[in-house]
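I would like the entire structure built from these sequences, with the hints used as guidance.
Listed here are the chains, written in short residue letters.
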Amino acid sequence: MNYLYFWYIQFLQNYNIPKLFGDITFPLLPFCIIAGMIILFVLVLVLMERKVLGLFTQRKGPNRVGIWGILQTVADAIKILCKQNIDVQGSDKFLFNVAPILVFVPVMILWGIIPYSTEFTFMNFSVSALLYISIAVLPVIAIILAGYSSNNKYSLIGAIRSGAQIISYELPIMFVLLSIAVLSSSVNLKDIVFSQLNSYSVLGWHFIPCFLGFLIMFICILAELNRCPFDLPEAESELVAGYNTEYSGMRFALFFLAEYANLFVMSAFLVILFFGGFLPVTFKYISEYIFSDSQFLQVFIYFEQVFWLILKSFLLIFVIMLVRATLPRLSVKSLMQFSWFVLLPLSMLNFILIAVIKFCVGGGNL
Amino acid sequence: MFDTSILCDKFCVDIMENKIVVRDNFIEVIEFLKNTPEYSFDVLSSIVAVDLVDKIELIYQLYSTQTQQMCQVSYYCENFIAQSIVSVYKSAYFEECEIFDMFGVKFENNNNLKRLYMPESWIGHPMLKSYKLNDERLAWNE
Amino acid sequence: MSNIMKINIGPQHPSTHGVLRLITELDGEEIISIEPVVGYLHRGLEKLAENRSYLQYLPMVDRIDYLGGFFTSYAYCNCVEHLLNCVVPKRAEYIRVLCMELNRIASHLLWLGTFMLDLGASSPLFYCFRDREIILSLFEELTGQRMMYNYFVFGGVRFDVTNEWLNKVSDFIVKFPQCISDYEKIITKNPIFTDRTVNKGILSKNVALQYSVTGPNLRASGMDLDFRKSNPYSVYDKLDFVPAVNHLCDSYGRYLVRIAEMKSSVDIVKQVVRYLKENNGDISANIKAINLKVQEGEYTSYVESSRGLLCCYLRADGSGKPYRVKWRTGSYYAVQVLPQIAKNVNYNDLIAIFGSLDVIMPEVDK
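Residue numbers (my numbering), protein chains in the order written: chain C, 1 to 366; chain Z, 1 to 142; chain B, 1 to 366.
Everything labelled a hint here was simulated from the structure, so no lab data went into it. The beta carbon of each residue, even a glycine, is placed where N, CA and C say it ideally should be. Possibly wrong hints are sitting among the right ones.
As the list claims (entries may be wrong) - Label pairs and their computed distance ranges (CB to CB):
#1 C:306 x B:37: 33 to 41 Å
#2 C:93 x B:144: 53 to 61 Å
#3 C:101 x B:246: 47 to 55 Å
#4 B:150 x C:101: 52 to 60 Å
Right, dumping it as structure tokens:
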């Protein structure tokens, strides 16, 4: 980020614009980059979901718009933008309009917190993992607002279900995060990645000692994202569309965008915690083999790290979509019971196990 | 048909070729057919209403799961008033609402009689022979 | 101030399997009472019969239950043939049984797909439709139509079956049991599925008999009543099959009964195909159906359709038009029993229970 800042100030001074202007407007630049990335990734993810679901049910996904259906999401986006913004009678206008924004903004912030490579991190806090978890809960408030202000009984039921579900599934995530923090001795996401650095790449990754924690966290992530088998709030066959029944046009597009952006960033989070983040699968970086004499080797390594992070996240997203295609929906009662009576004790057990492992491996030091 | 001697001993009914015609004590006959172990007609298959122009014939089709026999009990209702058997067979409720809707027969002792198929504000009872449809040009004529 | 919320489910709703309106009173998420309102699909099929000749009414009969066109056709043709005292040739009866059993398999496959879709799993729908597609193309080759067949005539069937068609049926029947066991692998022991269907929607034998429920719903409550065995019609007394019964009384039991019914239909089809390949004969008694006049009389024919007992009452008065036609269908009584079995359950269990009853609205509304 520092390079970007200095480059920006330099660029402005070439045109005799004062430094103060540059200081004030600098935050817009990463914002534009994140927004561009989100749009690109969501484009790919929506199409990928439909194609993958088609793959699992022996059909082709969308394949008419563009070669292999690549432009399908663009067509969907244009369609949504051209729809009328319906004003629901009896709804609280301010809350109704603000709710989609409140769902989307925390997700954008999350995109800024995760480290894409050693140098490409938009915001590097010293406790970024904890900050990540706390911001990831904010969309819940927005969902409840959306459901309540729609003046629709179905939306209200969907919103309250969603709130209860997300809150119940936060706690196991905290315990698993604690055990990862014990393993890496830090709560900074970049440090967690570097603590998985090992000369035998895969063996250093945290999913080997902490496999139970990975499974627990995977299930909780599915619940956070309101995805099958936890998609009660959007149960299409029961509540029509749950908390976003009354939304149309751009506001619906924001909910949609937020869901898929959240999907990518949560799976990136999982990859960072358990699968070595942006570290390569091979023993050395591929760039080191190809570009070993170039003076830009470091830059190539940074871009390659981004590539590894995206590759691993997409593999995990593929598994999440596989789960969606296979399993039916859980009922409300077993959802709550599963979280409080099964996942929470297991995550505590996992924490104790990790502490014991770390104690033994670390030679008596924690 | 099955052996109707026990029924004839107790009630005064006419036995036709394939149905039993009851004139009075209708509910008692139905209860007798349901509760007697030799008959035990425990399933009400359906209630058919036929509009013979001066009266309406209600045919109750009963089935016995033990003897696997079908039985038809027929009752002629004049003046569009009949007795409800909801207390004997719970499944008669929808059928009686439908017959009220389509033929105009009011069933006593059925406290929630309402139209089933037609809207609540419809006037007339469609299945009666006196209710003419406008499909004369589609109807079959010799 | 009471907590009771009155919600109107339907008539337009993705999962009420047709146009059914349920006025439910909810206390939180628990159901206190349900009142079904039917009649949105009333087409007056019984009144239409009184102004049509016997032959003109025959194609209309398929549309009473669109998933079981052969069952209703058979019931109507059987009534007319009985009143005409005509004997249907053996080969025609066997062809009729073959068509009815394939129709039963197709109807249960569609039920299974939509039931899993109601529960949230979207993949089994496509697998079931893939198999249903094969059956529908077999029917298209035989009768010219995929759904409203118009194939049975008074006295027999319209076209003869060829040996090539019978070979295609055999190929399908040989591969089909493997498909059913594939579906069972991902559904029957799935803990989420059993959690949502076991002990939900308990329909005891007494309640079922009081409400005149027949078919798979009754057989899942422990009552061994299959009209093909107890009051055999057509050539069912010469065929060897085992009706599916179990004592579970819940949605899971109804699911198991329908899966077992598909397997026993496979046995019946094998026997019928063997008979048809070995024996030849007439396919129709050559009754002149135009200007057909039926002597005075009345008759009730009954058929075990895929939803229960299907009865057709026909009264003829010597002219060319029926005097009265009345249909008794299985779904009519399943809708009546719904308020009894869905008391004090959660709202999202209601959809699962209603799906397990296999209700088709055109059958209820005629």
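We went through each hint and held it up to the structure:
no. : hint                      : in the structure
1   : C:306 x B:37: 33 to 41 Å  : violated (58 Å)
2   : C:93 x B:144: 53 to 61 Å  : holds (58 Å)
3   : C:101 x B:246: 47 to 55 Å : holds (54 Å)
4   : B:150 x C:101: 52 to 60 Å : holds (58 Å)
In terms of the numbered hints stated before, the structure departs from hint 1 and from no other.
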